[in-house]
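As you go down the protein sequences, you meet chains L and U in turn. When we follow our numbering, the leftmost residue of the first sequence carries the number 147, and every step to the right adds one. When we follow our numbering, the leftmost residue of the second sequence carries the number 147, and every step to the right adds one.
These are computed hints drawn from the structure, not numbers from a lab. Just so you know, not all the hints are guaranteed correct.
Identical copies carry no separate label here, and so any pair may be met within one copy or between two of them.
Unchecked claim - The calculated lysine-lysine pairs, modelled on DSBU-like cross-linking and capped at a C-alpha distance of 30 Å, are:
| id | residue 1 | residue 2 |
| --- | --- | --- |
| 1 | Lys-319 | Lys-376 |
| 2 | Lys-212 | Lys-411 |
| 3 | Lys-162 | Lys-212 |
| 4 | Lys-411 | Lys-581 |
| 5 | Lys-485 | Lys-188 |
| 6 | Lys-377 | Lys-319 |
| 7 | Lys-581 | Lys-376 |
| 8 | Lys-528 | Lys-363 |
| 9 | Lys-188 | Lys-473 |
Protein chains: 2
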Amino acid sequence: MPEEKTFHMSLEEFRKNGYAVIDWIADYYNNIESFPVLSQVKPGQVRASLPDEPPVKGEAFDAILKDINELILPGVTHWQSPNFFAFFPANASGPSILGELLSSALGVQGMLWMTSPACTELETQVLDWLVDILGLPEKFRSGGAGGGVIQDTASSATLCALLAARERATDYKTNSCGCDGRLIVYASTQAHSSIEKAVKIAGIGSENLRLIDVDDKFALRPDALVEQIKKDRQAGLAPCFVHATVGTTSSNAMDPLPEIGRICKEEGLWLHVDGAMSGTAAVCPEYRFIHNGLELADSYCFNPHKWMFTNFDCDCFYVADRAALIKTLSILPEYLRNKATESGAVIDYRDWHIPLGRRFRSLKLWFVIRYYGVEGLRFHIKRHVDLARNFAKWIEESENFGLVVPPPLNLVCFRHKGGDSINRQLVEKLNRSGKLYLTHTTLNGQYTIRFSVGQTHTEEHHVRQAWQRIQETAGELENA
Amino acid sequence: MPEEKTFHMSLEEFRKNGYAVIDWIADYYNNIESFPVLSQVKPGQVRASLPDEPPVKGEAFDAILKDINELILPGVTHWQSPNFFAFFPANASGPSILGELLSSALGVQGMLWMTSPACTELETQVLDWLVDILGLPEKFRSGGAGGGVIQDTASSATLCALLAARERATDYKTNSCGCDGRLIVYASTQAHSSIEKAVKIAGIGSENLRLIDVDDKFALRPDALVEQIKKDRQAGLAPCFVHATVGTTSSNAMDPLPEIGRICKEEGLWLHVDGAMSGTAAVCPEYRFIHNGLELADSYCFNPHKWMFTNFDCDCFYVADRAALIKTLSILPEYLRNKATESGAVIDYRDWHIPLGRRFRSLKLWFVIRYYGVEGLRFHIKRHVDLARNFAKWIEESENFGLVVPPPLNLVCFRHKGGDSINRQLVEKLNRSGKLYLTHTTLNGQYTIRFSVGQTHTEEHHVRQAWQRIQETAGELENA
């Protein structure tokens, strides 16, 4: 940004405006609890406040920043509020925001090693570090046949795993859907919608996705899986891929990896394990049980952008056999040819995912791991789980509420005992209050409230206050 | 970021560290020409400088930032250097970097309208603005049956277009690859590798991708397309999708959209137009000719992250019939159900692309458009094209060099007349010098040098200096 008058932001202005944005952010976090957590705008309201026509003349940066407060903030749902208990968290942190800022400014493309070696090599190193930090199976390290890569989301990781499995099943000959042999994919009835999306995208077809029954803790039943595989083989179909979840979105259910893994080995199926939110729990040795059996998986992913203080997007995807993935996704046109690639001595991550271009995403993850240290990560993850367990205890002790299932980690699924209608009204009223935000699911056919603890700055008093408000609001509804 | 001692970055520290990062960035841009444009590290060098083990204790932010200079910068290829003439640009700018910073800090998920209405509505508005700014066909506006969405890259946009076309061709019944009827996909021999990747991912199989011959300007030959479609129909196959390019990666060739569009209408094929880099040229009315015939397309994409001063990732993807796209990608599990979605009054962009989660990417695009104004964007795009045309003129006037094809916009393809070997050596020697960075392709079977003008801060003297160095280095090689 050299000094010139022609429309660019000069370096002097960049410093001034940059400080202003940093201050804006600090002020925002300072005041974040004063905003309604769930945005209260009506459909079309934000758009109606924007000009119909794009500006012909450039505007001053101050004016643009001012509009963030006036036009944008009312339409923001505050995912970084400590009173955000909805969905799963997407927790950011100071070091992560600043790491992302550097990455934007460097503006490098990491599609090939050569197009920015540091972008590739830092990513490899940090993903190997995470094998240590989470105690993941050694086969996911880059030193052997496996390795890790940053994807945008678990949806994309699941798709890539499925594509590699599809190609392996058709012997890398056709790059086609394999529907001649009708490939079959398995997941539990509780699996994330992304597996259905992946099956559709890969051309396997949703009619070839089998949703396997779960047990009373909503975990996949291995006996039902075995039975379905047998049926499919008898029908002349080709079982191919199992998607198991460590912490389902509905209820945080943990599929039994050791049994599922054994079945996959016996049957020659690709096992992908999705630990999108819950995987981070394994930073604490006491929660590593969630990954028992993971050594039997072909691929695994978890999202530091959910619960590891790293702003979206950042999904870590590991494969045991990187050759399978690369064979599936690699294409080398002339304009990307280069000596480093041809030497075979480097990783070109473009062959590990759908897009060609890629940001320097490992930078923010590196910043988070270094700033917090493993010690700091453990401190906060343990704290979140403890907060959720306390909350679950209050539910258990209450007269009007009950747990739907015991919480394995940081997600509590509960209901008011008064039936679906009061639960639905309760969620709506609480969210409309703006004081907290929580969402629902259906378990055993019943409307169930989800209380998800994992926002970076959620402290004991936020959880206590939430429980207070839930009880009060329920009281109002009971007496209405 | 409330004030506490337990590992988090306090707000006070965030302000201090944030200013330090802003200063680092300003200094980096101030000194950017002092770094070798293409990183000179050897494979493994960056990794070897990093600790094997993750840190147990957290570290001070200063120490981390210092390592950017010492460990990371040597491994960075400086895409934001004004001496970057390689590939296509990925140009960033001050307003864009600060817009992205705000987006990281807000840390919202835009998967559903409800999860942050402003994230959806600003995106819709800005993508409608771009229909005005580029003079795109009205059918891509959100007011009618069409609409636009931000994707990460053109690779993903192409894949989504192909998926929608595949589903339409199989009547939305199977979500499967359609290989019963053997769907056939067409692109020119010069099309980007992403179409082959998309065909593989969608399970259509690369054997069903037809690469159509090009004319002497490397543009798809409509007569060859018609002939191939006829052949495929005669063989009982199902022609389905044509991928046309406005500005190919190799040589910036412009496929003839009016003729291709007519063929697609007659044959009932989906036409997707990829204007990833060159689309931005249409901000200037005098270059809008590149989009002649676009009104016949079913979908279109271009990347503000290439040539519109908006840092990666930001691809704008438009469809004429959004229902086709949504039918293909929509899945609605219970935990995402909400009143706004059910009312049908809002857009849920998660149904418009592969991932579920999504960042607030329209913020940086909004910042760029407002800060520069349409006037500022035009000024810089015209300047880049003029610089490339000057460069092409120098090539034409030189004794030892010649153009391989006349440059339609800002990419110049040329060769030294001394044959492949001297051209290859020339590129390698120039890139090793660190003074500039350019890449190559193959055209007419010959090694061809690409000179791509589009970095935000490239000025006349950079282009002039580059030409000087190219001539000098060629002279050294001629005399060696």
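Cross-check of the supplied hints:
1. Lys-319 x Lys-376: For Lys-319 and Lys-376, both the intra-copy (26 Å) and inter-copy (27 Å) Cα distances are at most 30 Å.
2. Lys-212 x Lys-411: neither (58 Å within a copy, 47 Å between copies)
3. Lys-162 x Lys-212: both (15 Å within a copy, 22 Å between copies)
4. Lys-411 x Lys-581: Result: close neither inside a copy nor across copies, 49 Å intra and 54 Å inter.
5. Lys-485 x Lys-188: between (55 Å within a copy, 11 Å between copies)
6. Lys-377 x Lys-319: So Lys-377 and Lys-319 pass the 30 Å test inside a copy (27 Å) and across (24 Å) alike.
7. Lys-581 x Lys-376: Classified as neither: same-chain Cα gap 51 Å, cross-chain 64 Å, threshold 30 Å.
8. Lys-528 x Lys-363: within (22 Å within a copy, 63 Å between copies)
9. Lys-188 x Lys-473: For Lys-188 and Lys-473, only the inter-copy Cα distance (25 Å) is at most 30 Å; the intra-copy one is 48 Å.
Hint compliance for this structure: hints 2, 4, 7 are broken, all remaining hints hold.
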